[in-house]
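Since chain X is already given, all that's left is putting chain R on it; use the hints.
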Amino acid sequence: MSTAVADIETHDHHGPEKGLRRWLFATNHKDIGTMYLVFSLVMLFVGGTMAMVIRSELLSPGLQFVNPDFFNQMTTMHALVMIFGAIMPAFVGLANWMVPLMIGAPDMALPRMNNLSFWILPFAFTILLSTLFMAGGAPAGGWTMYPPLVLQTGDAFPFLIFSIHLMGLSSIMGAINIIVTIINMRAPDMSLLKMPMFVWSWLITAYLLIAVMPVLAGAVTMLLTDQFFGTSFFLAAGGGDPVMYQHIFWFFGHPEVYIMILPAFGVVSEIIPTFARKPLFGHDSMVYAISAIAFLSFIVWAHHMFTVGMPLTGQLFFMFATMLIAVPTGVKIFNWTATMWRGAMTFETPMLFALAFLFLFTIGGFSGVMTAIVPADIQYQDSYFVVAHFHYVLVPGALFAILGAVYYWLPKWTGRRYDEKLGQIHFWLTAIFVNVTFFPMHFLGLAGMPRRIPDYATQFSDWNFVASIGAFGFGLSQLLFVYIVISCMRGRGEPATAEVWDHPKGLEWTVPSPAPYHTFEEPPRIPSAQTFS
Amino acid sequence: MIRRLSLCVIGLLVATGARADWAINMPRGVSELSAETYDLHMMVFNWCVGIAVVVFGAMIFAIVRHRKSRGVTPAKFSHSMSAEVTWTIIPIIILLIMAVPAAETMIRIEDSREPDLTVVVTGYQWKWHYTYQGENVGFYSTLARSSSEARHKGAGIDPATVENYLLDVDKPLVVPKGAKVRVLLTSNDVIHSWWVPDLSIKKDAIPGFMNETWFQAEQTGVFRGQCAELCGIDHAYMPVVVQVVEPGEFRAWMDAERQPPAAAATIGSTSGTR
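Chains X and R supply the protein sequences, listed in that same order.
Here the first sequence stands for residues 1 to 533, numbered as in our numbering.
Here the second sequence stands for residues 1 to 274, numbered as in our numbering.
Bound-form chain X, shown alone (with noise of 0.2 Å):
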């Protein structure tokens, strides 16, 4: 591979624009992948903030800090902000940056959409953002946007409503870029198959957010008409329904929940095996198992609705398929297990979040099939415990794949190696507080807590007071994160070269670090037998 690397170098005959112009007019896909990246990172930290007002109102039961409609509206958008605005960009941007790299491409297929999808965002979010300057507030009706309730949002609804279209149209384009680039413009000798399994993660991501990022279109256009034209699909007393928007919301939101997991599958499948130092075990079957996972996140979305009154057969067959997607989301995790199995580990920083990520995200899988048990999930639905289950999936599942991502390819961006001591204190702090904060929301769910409370009766206060010091630390913790980042970025570190770690399996290893502006603009040759995970 080292002829590639010199090809590379000679066609590097034109760098970046110089200034604002390189960002604002960017095509390039390393270009458009930094600020993702830079965003959700920005958006983490807005969100973060609206965490940290939750949680410091219930440090202790009583109002000390904001009156119940600001709580509600601080659930609402931290949700929002961090769906829209962190998790789901950041991996886009991983994807713009890696996949080129990743499938020996040039750059993204269709170049100037990708520019378009992005600088949507920050348009997106800054009239979401704006809603808490309004008369009436930001929406408050939680990020599920249940008709009746956010029908009595303030001014901000029609703003709430198109913003949500913008990250719609955003991720529509993101998704139709990221499927040209696979299909097409794969290095000659890379078939289906032979494919990264980052790659193929986020294949069949793009085609679930083409999916139903249309249906939450859908879904949002309902409740604008509803407000404002006249109709009354989700009124009862026009004729409506309004757990019929219940139904259409989560047809999107349960396949939703796997467009943020999936990438971080593929993202895991990468970094075990270069730190195992071992191909990944069962590289096929685990596309398979992405495949299956894909399919059954269509069928399953009632399992978000048992208390709203279903016919039994439907509740048991939503509870049935839901038990299913245990089978597959295994088969995943014993494939990983199966990887590290008689390998020859070594346990840097991204192979420390994405052994995180492997005990973590599997209790988030636990209490996942005990959500799917209806009994006992009409308990839980609405409770804490449910409020502990999903983060427990999207922070040391998704945002522990995503920082793991980062440190594994940062030396690859930025041509630094990061500082290996702080990377190891910023895991063990975040891993450490992430269980603080999250674990016992599970008890909290099961004594009866209520979630989107912003008070609560007092044989609470004990949990919520650690859960609130935990969050703390959290928050904190994260900063630790952008000064490791920041000093990359500025040139500071050992210099990283072209392989980074200990031979890594996969194309994005045999450009050199940092990547030139320009890469495989010849197409690379990949030796015959190889697979690259």
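Keep in mind that a hint or two might mislead.
Said to hold, decoys possible - Calculated lysine-lysine pairs in the DSBU-like style (CA-CA distance at most 30 Å, straight line):
#1 R/Lys76 / X/Lys505
#2 R/Lys171 / X/Lys194
#3 X/Lys194 / X/Lys505
What the hints assert, rightly or not - Rough simulated footprint, nothing fancy, chain X against chain R, three-plus residues with beta-carbon under 8 Å:
#4 24-33
#5 55-67
#6 86-92
#7 100-112
#8 161-168
#9 228-236
Calculated directly from the structure, the hints in this document are not laboratory data.
We treat Cβ as the ideally placed atom computed from N, Cα and C, and that holds for glycine.
Just chain R now, with coordinates in the frame of chain X:
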């Protein structure tokens, strides 16, 4: 009679009010179905713990033993059909073991036939209204004054000093012990959810629609819960309180409730209109 009953209620409130702090598990509850639900919850939990021991055990073993610092050379294997078939089949079997009893309980939960008593629960922003079907009795149930005074920012009252802070109402739903109580739920404005952990019921109250659930309390006492579906600013301030009494006591209470509103007002209750 009424005075004695209210004393009795206060006694019960004190007795059941203080649930242990640091609670970590679901209450077993006071109905057959709540106990069954608890058992299902524990069964699935125990399976999860068992699986965790095996899977986490394997991971920890690999992390401890198969590390480069021990000088091992990595193995080369990357697939095994038999292993993959095994860890596909075994989870399916475990899931079936969980699914069968869960489905059986589900069928019992949905069987609300032949109730002894039917109560219509209507959610309002932010209180509940209870109507005893076929009886001329109905009233609102709102957050107790003691909690209401302490709940505001800068109220200067420590919630710890308030009896059943946020879980107390001016007038609880009263039902007889051992009776199968059918609960019909609807709402006047937005979606609410009527949740009593000890009775193992939670059902959404949806405007324009009638939902149905039921419970049969096997013990007397006061059982507390809250609205579980976000319903606006005061979502946290509309508790559900169900008082289960002996059948005789229930009949006496019902007779007293049936009196004209003027008489009811003298005992300080906030009877609503039907």
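Structure-based check of all given hints:
{"no.": "1", "hint": "R/Lys76 / X/Lys505", "in the structure": "holds, 14 Å"}
{"no.": "2", "hint": "R/Lys171 / X/Lys194", "in the structure": "violated, 68 Å"}
{"no.": "3", "hint": "X/Lys194 / X/Lys505", "in the structure": "holds, 12 Å"}
{"no.": "4", "hint": "24-33", "in the structure": "holds (count 5)"}
{"no.": "5", "hint": "55-67", "in the structure": "holds (count 8)"}
{"no.": "6", "hint": "86-92", "in the structure": "holds (count 4)"}
{"no.": "7", "hint": "100-112", "in the structure": "holds (count 7)"}
{"no.": "8", "hint": "161-168", "in the structure": "holds (count 5)"}
{"no.": "9", "hint": "228-236", "in the structure": "holds (count 9)"}
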